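Protein chains in written order, with my numbering: chain L, 66 to 178; chain D, 9 to 121.
Don't take every hint at face value.
[What the hints assert, rightly or not] Listed next, the stretches of chain D that the computed footprint assigns to chain L, with coverage defined by at least 3 CB atoms under 8 Å from CB atoms of chain L:
1. 20 to 33
2. 48 to 57
[Stated by the list, open to error] Listed next, the stretches of chain L that the computed footprint assigns to chain D, with coverage defined by at least 3 CB atoms under 8 Å from CB atoms of chain D:
3. 80 to 92
4. 166 to 178
Rather than coming from a laboratory, the hints here were simulated on the basis of the structure. Only a predicted model underlies this, so the values are computations on that prediction, with no experimental measurement involved. Ideal Cβ placement from N, Cα and C applies to all residues, glycine included.
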Amino acid sequence: DTAVSQTPKYLVTQMGNDKSIKCEQNLGHDTMYWYKQDSKKFLKIMFSYNNKELIINETVPNRFSPKSPDKAHLNLHINSLELGDSAVYFCASSLRDGTGELFFGEGSRLTVL
Amino acid sequence: DAKTTQPPSMDCAEGRAANLPCNHSTISGNEYVYWYRQIHSQGPQYIIHGLKNNETNEMASLIITEDRKSSTLILPHATLRDTAVYYCIVRRNYGGSQGNLIFGKGTKLSVKP
């Protein structure tokens with residue numbers, strides 16, 4: 066069983082479209098995260114959710130909206146996609162907010178044309 | 009969070025120990041040293057973390073200097089599968105943004121046959 070799973074793994078879309086990436090964790094963790102890795106390979110945190118509550122938004126444009134239907138899921142919705150949104154997006158989870166190790170998914174590669 | 013400095017790249021012969029250094033001269037007393045790695049096209053993977061004592065697990069050993077200004081990750085018998093980018097991260101085990109993992113550029117370790 067995959068601990069943190071993301072779908073889709075690859076997503077190719079046109080500018081201006083709206084898309085979503087789903088994330089699920091079966092570890093029973095309380096906190097989930099979204100990270101973005103750009104073409105220069107820098108990994109930057111976008112959001113974290115603790116028990117379905119947003120606790121961080123690292124100055125990400127409001128076109129990006131995380132949605133957590135329950136504590137095992139954290140989906141990322143992106144509206145009006147731009148070329149600069151092309152990146153690999155990683156979901157992660159941890160047992161508690163701000164402590165211990167993070168478990169990462171395999172990533173979702175988004176390409177905006 | 010304190011910044012870390014790592015060499016951009018290192019080579020290691022297969023079967024030999026890989027010693028990856030990290031400087032964190034501005035680390036404060038309540039900050040932990042974490043190590044993650046990212047194998048090509050995969051999500052980051054937790055390796056080990058410590059506060060001030062040396063730590064060992066099934067993957068690696070972490071040696072932290074007495075003044076805590078630097079540390080070394082040791083992979084005792086490197087294999088080709090250990091080729092990856094290794095990230096040294098200093099982090100407070102707090103909630104909210106203070107508990108964020110902030111990734112730098114890391115060290116690209118190439119294990120050669």
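Comparing the hints with the structure gives:
1. 20 to 33: violated (count 0)
2. 48 to 57: holds (count 7)
3. 80 to 92: violated (count 0)
4. 166 to 178: holds (count 7)
Of the numbered hints stated above, those contradicted by the structure are hints 1 and 3, listed in ascending order.
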